[in-house]
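Engineer: Letter by letter, the chains look like this.
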Amino acid sequence: METLMAFVVGGLFAAAIYMMLRRSIVKLVIGLILLSNGANLLLFTQAGMLRGAPPLVPLGATQPEGVVADPLAQALILTAIVIGFGVLAFAVVLIHRAYEVVEADDMDQMKDTDT
Amino acid sequence: MLLAILSGFLLATVAPAVHRQTGMNSGWVLAILPAALFLYFLSFLPAVGSGESIVISYPWVPGLDIQLSFLVDGLSLLFALLISGIGFFIVAYAGRYLEGHKDLGRFYVLILSFMASMLGLVLSDNLISLFVFWELTSITSYLLIGFNHEDATARRSALQGLFVTVGGGLALLTGLVMMAVVTGSYELSEILSSGDALRDHGWYVAIVLLVLLGCFTKSAQVPFHFWLPRAMAAPTPVSAYLHSATMVKAGVYLMARLNPSLGATDLWLILLGVFGALTMFTGVFMSIRSTGVKQVLAYSTVMALGTLTMLIGVGTDTAIMAAMAFLLAHSLYKGALFLIAGILDHEAGCKDFLQTGGLRHALPITATFAAIAALSLGGVIPMFGFVAKELLFEAVLEAPSLSGLLSLLTVASAILVVAVAAVVGIKPYWGPRVETPKTPHHEAPPAMLAGPAVLASLGLLFGVGVAMVDRGLLSAAAGAVYGSPVETYLSLWHGFNLPLMLSLLSLVLGLTIYFNWDRFRTATGFMDDLKRFGPERAYDKSMDGLVSISEWQTRVLQNGYLRYYLLTILLSTVALVTFSIARAGGLEIQMSLAGVRIQELAIVAVLLLAALVSVTTSSRLGAVASLGAVGFSVALIYVLFSAADVGITQVLVETLTVIMLVLVLFRLPGFLGLTPQALRIRDAVVALAFGVMVALLSLAASSTRFADSISEYFIRESEPSGFGRNIVNVILVDFRALDTLGEIVVLALAAVGVYAMIKLRAEDNRK
Amino acid sequence: MTDVVVSLFLLIGAGFMFVAALGLLRMPDLPMRLHATTKAGALGGGLMVIAVGLEFFGDVAVAARAAAIIIFIVLTAPIAAHLIGRAGYFVGLPMWSKTLKDELKDRYDPQNQVLLSPGEVSSEDKPDRDKAE
Amino acid sequence: MRPEVALPVVLPLLFGAISLALWRYRTAQRVIGVLGTGTLLAAAVWLLLATWRDGVLVMHMGNWQAPFGIVLVSDLLGAIMVVLAAISGLATAVYSLTAISKRHEHYGYYPLLHLLLAGVNGAFLTGDIFNMYVWFEVMLVASFALLILGGERAQMEGAIKYVTLNLVSSAIFLSGIGLLYGLTGTLNMADIADKLADVEDTGLITVIAMMFLVSFGIKAGAFPFFFWLPASYHTPQVAVSALFAALLTKVGVYALFRVFTLIFTQDVGYTHEILLWVAGATMLTGVLGAAAQYEFRRILSFHIISQIGYMIMGLALFTPLALVGGVFYIMHHIIVKANLFLVSGLVYRLKGTYELKELGGMYRSHPILGLLFLVPALSLAGIPPLSGFFAKFILIRAGVEAESWWIVFVALLVGLLTLYSMIKIWAEVFWKAQPEEHANRPAPGPKGTGVMYGTIAVMAAMTVFIGFGAQPIYLIAEQAAHQLLDPQIYIDAVLGDRS
Amino acid sequence: MLEVSIFVSYVILSIALGLTFVRLVIGPSLPDRVVALEMIATLTVGFIAVYTLSSGVTAFLDVAMVLALTAFLAAVGFARLITKGGGVHHD
Amino acid sequence: MTRELNIQSLILRSASQLLLPLLLMFSIFLLLRGHDEPGGGFIAGLVAASAIALHMFAQDIHQAKRVLYADPRDLVGWGLVFGVISGVPAIFKGQAFFTSQWLEFTMPILGKIKVGTPLIFDIGVYLVVVGSVLLILLTLAEAED
Amino acid sequence: MIGPLAWNILLAMLWMGFTGSFTGTNLFIGLALGYLVLAYALRGIPAFANYATKVPRTIRFIGFFLWELILSNLKVAYDVLTPTYYMKPGVIAFPLEARTDGEITIVANLISLTPGTLSLDVSSDRKVLYIHVMYLDDEAEVVKSLRYLEHRALEVLR
Ligand code: NA
Ligand code: NA
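Heads up: the sequence lines are chains A, B, C, D, E, F and G, in that order.
Be aware that the first sequence starts at 1, since it is given in our numbering, and climbs by one per residue.
Be aware that the second sequence starts at 116, since it is given in our numbering, and climbs by one per residue.
Be aware that the third sequence starts at 883, since it is given in our numbering, and climbs by one per residue.
Be aware that the fourth sequence starts at 1016, since it is given in our numbering, and climbs by one per residue.
Be aware that the fifth sequence starts at 1515, since it is given in our numbering, and climbs by one per residue.
Be aware that the sixth sequence starts at 1606, since it is given in our numbering, and climbs by one per residue.
Be aware that the seventh sequence starts at 1751, since it is given in our numbering, and climbs by one per residue.
With the rest of the complex left out, here is chain A (with noise of 0.2 angstroms):
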């Protein structure tokens, strides 16, 4: 399943990169969704992957029975999804914004401050 996920993240990396290179400023925004998307999944994937064995203590042990899923890659993600949502949401109200104030979704009339 490993080998299988490096493709689905190589490809997550690839749209979210092809996506940010797009003059539009709305695809901008969904490249930064499928990047985000797409490193969650990779720190997933190296955690190892198991079926059906969550993290979970049953009532009444003090540990799960047999192997379970590696927990702390997932409170990781847990992690990085909520910030990758908070990042996410400034920067939607940001392109927003800027759509606002240079009333076109095109990066290319957004490059004055530069030089």
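Don't read these hints as lab results, they were simulated from the structure.
It is possible that some hints are incorrect.
[Unchecked claim] Straight-line C-alpha distance at most 30 angstroms; calculated DSSO-like pairs for lysine-lysine:
(1) Lys1825/G to Lys983/C
(2) Lys1598/E to Lys1825/G
(3) Lys1598/E to Lys983/C
(4) Lys1804/G to Lys980/C
(5) Lys987/C to Lys1825/G
(6) Lys1372/D to Lys874/B
(7) Lys1598/E to Lys980/C
(8) Lys987/C to Lys1838/G
(9) Lys1598/E to Lys874/B
(10) Lys1670/F to Lys874/B
(11) Lys1117/D to Lys1719/F
(12) Lys1598/E to Lys987/C
(13) Lys217/B to Lys1117/D
(14) Lys1372/D to Lys656/B
(15) Lys1838/G to Lys1894/G
(16) Lys217/B to Lys1462/D
(17) Lys1698/F to Lys1719/F
(18) Lys1439/D to Lys1372/D
(19) Lys1877/G to Lys983/C
Starting from the structure of chain A, add chains B, C, D, E, F and G with the ligands where the hints point.
Structural biologist: Chains B, C, D, E, F and G with the ligands only, in chain A's frame:
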């Protein structure tokens, strides 16, 4: 000692206040300090004259071997006395010359700082503290040259001077550091006694070149001489003098100082000799070609600097003694002449020698001392200048190599110097009265006359009584430069020998030129055209080039296109990673699709296809919807592989993201097909390359495992120690609560940011 | 026994899911696609969740969650369908060419922001004014 | 238990939270702004002294033993960074009292400031690689919000580039963490270093190191990743610019220092050689970028980049002295660059523009400001005896000792070109007479500039002090470099001496 | 018996997912895509149900519970967007 | 269509009256059991925020604000304060920050109950999430109008 | 309706307390027993009498509805699965008897849940429900069955 050097800076900080308090006498009041310093340094003379050298050290940054250590020997004492002695006259003179000038207070600050920096420079034993003072002279000099800062030319000249000297200074720093690395010490006193350590080291050539680059730029040697006459933009002859006759000698000082360690090689002789001689001739020639008072004096200073450099390069004991004598002589007459130029300007408003004449009636005292100083410049017996010139001829004639070339250039220069001396000493005062911008009504005030009078007179006095300076100061100085006591002594009369002949010859030819001044100038006029190819052009070109390169780089790199920034970054990443993989000899990768279930395959397929659709669709909201599909597929993957909380979170976040996009995007226009096909293909290639890279890394890292995960600990301890059965949540709120805290801070910040972004704008719109 | 029942529910549920998906793909216009997904989807999902509830029969937690899921589906699916169908109508998506009648046509009154019932006429939107425009 | 290790993180978090909760009360926010950053500085100094005295300090957050829980680790580099962050935070807070408008205060300026500092300090102190990612994000989002406070077009345009490129950096960082976790199964940096120490086949590690190089390179504003910086740093409120200029890129530099001394030291000949090229290119492109600029803050922004190059140079040469130089450089630069931006803000306050061509005559009208500008400006250019000189000097000596001639040459050349830019500002803003046509530009005016002057003066005094009192600074930097070069000190402190 | 049904269900759901996805891609209008998205959410509930049966772990039902609620929210959001006139003129 | 149609759905409006309490209950449920089963402050917060967001879509912003009662900025601020403060008590026992402190009660009927700082922390998380998400959504919706 | 329901739940709780078993099955038993007790003991009080009749009605309605749901789903399934379309769709205006917002919402949603019909919108005067019908072969028949559904639902609701 430290106090002596820093006193200049300390006084500088209060100088404006002193100036306000003492008004028109401020010059005299402030001049007390240099006078006191002069006396203080004079007190070292007996000891130093008898061959001692004194080292005084204060710790500064001992960790870096940087001390504030000072070395008083003949050389540094000679310089210290010149600086403080002349400094006294300068400060006193400035008080009157700039009387009523609105920036006189600031002027004192600069001039006193400058003086202190020079003192520090020549007295430093530690190479780094020497360098510190070196750079301080550059900065203070910059501020002095640009004193008339509202004038664009002044600013430009100041920058030029600064840029050339600091640039050279940086080379010097490298040279000094290399010297220290080789000898293991930054202390001059130790380096100078390190014998052939430097000369024998593989870095020797580099060190010499770097050090000389610093010295040549500072001392305006060809081809870096161009900045010095420009520096005459300085407001007054006073400051003009200071850095044309004092600061620039810093380079000469350092060459002299390092001569025992770096000198006595062919490289040293050739570099110093040739460049010095060229500078000498160029300086005096340009001097002849100039007419501006300060210009003429400045170029003649260039000539003197060249002479000194050449002499140090020649390096025989005669040459060194000649250098010291010439140094002293030059300081005296050039100081006098600059100050006199100031009087001409102050009283008659004249800035060009050709526009003057017949001032002897109005300014009789000035005229007298001008004549005396000019005689010394011209090297006429019995002036001290004559003594120095005789020795100069002798030194070049005896030079161990290049003697012919050096002699030729020296004689040619000497001839021209005589003409220059006549121009500055005779032209303004004799002959018919020429209308000047101001009509002088009276002689200059005593504060302004004191300097020229004393300095010019000393030129005469030391000439007649050579012994006064010979065996104490100058021989000690020469000894310090030579590295061992010198055998040569000065005398006014050496008998009829070749040097005397050359002296007479130069006198005659020089006067001939003076009396045929116009014809000579016309004949040499073509030389001005050569300036176009000179080093100043190179400087200007490189400055323009700097700006062009900068603009070009900005156009290319910082071009404003986000996607090019991204492209650059991504391609760099791919390149770095690929190169590293290649270097590692490839990655170990195990690929296997065994055990993948059909539903997983389906979900992965949908995920990838949805991603593809969101990328390729021409509909903006279609892309958002596809994104939703990606999100749900990802959530399903989390769920199918045992991550319930993550799955829930993914679903919720996905939904909220969609809602947010929906709230935000609905006023935005649809996608435009903005990019040509070729560019899309290019971007697709880059994107794929990056994707492949990440996939490879993921595979490689999955195939390799160096250690077991620490998550075993959480699985074991969650319930017993964290009192929770949802291990993920226990990690989030207990084991790694700090992460979660950071995470909610991010969320809070994002919310505040969004709020500010929208509300602040709304508020603006209302206004 | 349980296995058979659970399997039955599961397979029938999955079958309805399939019907919903196929309907979504095959149906010629938006309202009819909604018909397929809302009903068949909800039913299919519900049946499959019931299968889970049966498998873990007696486990309150599972039963409660299964019930909650079904309730949520039943509560939300028709509302979502209504909203989407209505939205599609709002923006004037074309209906299938064989649609027999449309009594909702022209009943939205943008002037007053109301949806008129049949026969009701907007006070400001008299037929003669329509003609004048 | 050493509370001082966590205080620099906890305090700003707490102050940020409280001032966010008190968002209605402007005065309270201002008071907390100054008092909070002041307290932070006290705590930071406490930490530095404690670290100086007792060596690397560790707090196991939540009392979970390493490597399982998150540790906060204060080695000297971390403690130094925290002190510098606190100084720039306090300076910004004080300066902001008059420099930031009521409206901006109303929309969360002070909470953002505190939380930014929390993020920065968290990044400096954490001993956990994922936790570092979290603090990076805290810092980043706080900076996003501060960046757009005002909502002008330039801010939006700049922010889009800033946000995008930094998010790319974050994604690469996160991916790198994922890969490292996959290899070592741990997040604690000391533990990672420990587990990688015995690995024989280091190829893959070096490859992953490149991911970190890129990610932190972007944050640090190194070549060829710096584009976001000149695109955005001149757009926000100037107090914000100052804080950013002082801190944000330095977090990237810090992270480079941390991972390339602790974790990725398998193949120094390769990785640090790359770093050296990055350093040289960063210096050059940064300084060249500035030469064509005629806007005060743009010039300063480009110079951040070139200065970052020097710091990376210290890391890349990887000798004890070079690391000393790098650390010294960071210390010097944070103070100096923040101050230059503050000066630009004061100039704007008085003249209403940042355009050099429109400015002028300030040496005549504001000589004190001129002096206060010259101190940091000349220091930046490395003119002795100011702080920047020693920073450059150490690096050059290190370069000479390592016989890396080209980098020495570049470092010197860039110093000269830096001087060119600083002198350009000096000549245009202070020396040149004010052009007539811009003489009457509306400006906020001199009201309340006393506080700004005060801040600038104190920072300038620090610059002078670091120069004249270079010895203590050197000693600290030396000790910090010593700890960096011997990662076992760090590892033992975190994981306990297990031998 | 149950294992076979689980497998068959997975296959059916996978095919259904594929069909739904085609609708998502071809649209043609935004509401069509939204319906497809809703359907994907419903299918996800189905997947989770099957998965719960196959793994015997009931914790994943919580995901289904949340899904059932939130997918609806997305639809509400989209409906509002469409109703307000966004996203149609340009699609 | 020449003019924007802005007719609220009656069905949605009245359904939201029912869904709102349901969702809020669900969110509290998720919050409290998060330590043992899937859930927790973050997930619960998102659900609560979704509930209010639904109300906002179904009714209007003012209704949503009225239901929320507190200003979202307060929620964010105080949530953060909760989150940070929960890590502080340990310091008074000489333990590291964020060392969890537990109190054990024995209550009639409910039996043994453990209350600890992680729960306070989780509540802080919950408040911040609710506050932040709603601050964003409400602000956006307001700007949209 | 709320009051009696609360009583019923309370009784169920008590039952669980008495028996000391807090399982789902026991809760179900408690609820059933509680209902019986209430229906019998308090049949004199109108609210409780109403409750007593409504509970079986509700259960019957749910059964009816589920049956309808499955039946008509099969019809749609057949249409979907076979190549030819048998649909004769149209939008009709269905005059509502339900009056309150709650009633209208529930009726509309029930209609949406039954295959073949989909509530599109309610007129602003709340008198008419616009319904998309999939098989409009006989409009009168459709309206009749819709009416029947509405009646049964309202029976439970009122
Ligand atoms: Na959480
Ligand atoms: Na129906």
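Engineer: Each of the hints needs a verdict: does it hold here or not?
Structural biologist: For each hint, the structure was consulted:
no.	hint	verdict
1	Lys1825/G to Lys983/C	22 angstroms, holds
2	Lys1598/E to Lys1825/G	35 angstroms, violated
3	Lys1598/E to Lys983/C	26 angstroms, holds
4	Lys1804/G to Lys980/C	43 angstroms, violated
5	Lys987/C to Lys1825/G	28 angstroms, holds
6	Lys1372/D to Lys874/B	34 angstroms, violated
7	Lys1598/E to Lys980/C	28 angstroms, holds
8	Lys987/C to Lys1838/G	17 angstroms, holds
9	Lys1598/E to Lys874/B	22 angstroms, holds
10	Lys1670/F to Lys874/B	17 angstroms, holds
11	Lys1117/D to Lys1719/F	46 angstroms, violated
12	Lys1598/E to Lys987/C	19 angstroms, holds
13	Lys217/B to Lys1117/D	41 angstroms, violated
14	Lys1372/D to Lys656/B	22 angstroms, holds
15	Lys1838/G to Lys1894/G	17 angstroms, holds
16	Lys217/B to Lys1462/D	27 angstroms, holds
17	Lys1698/F to Lys1719/F	19 angstroms, holds
18	Lys1439/D to Lys1372/D	11 angstroms, holds
19	Lys1877/G to Lys983/C	20 angstroms, holds
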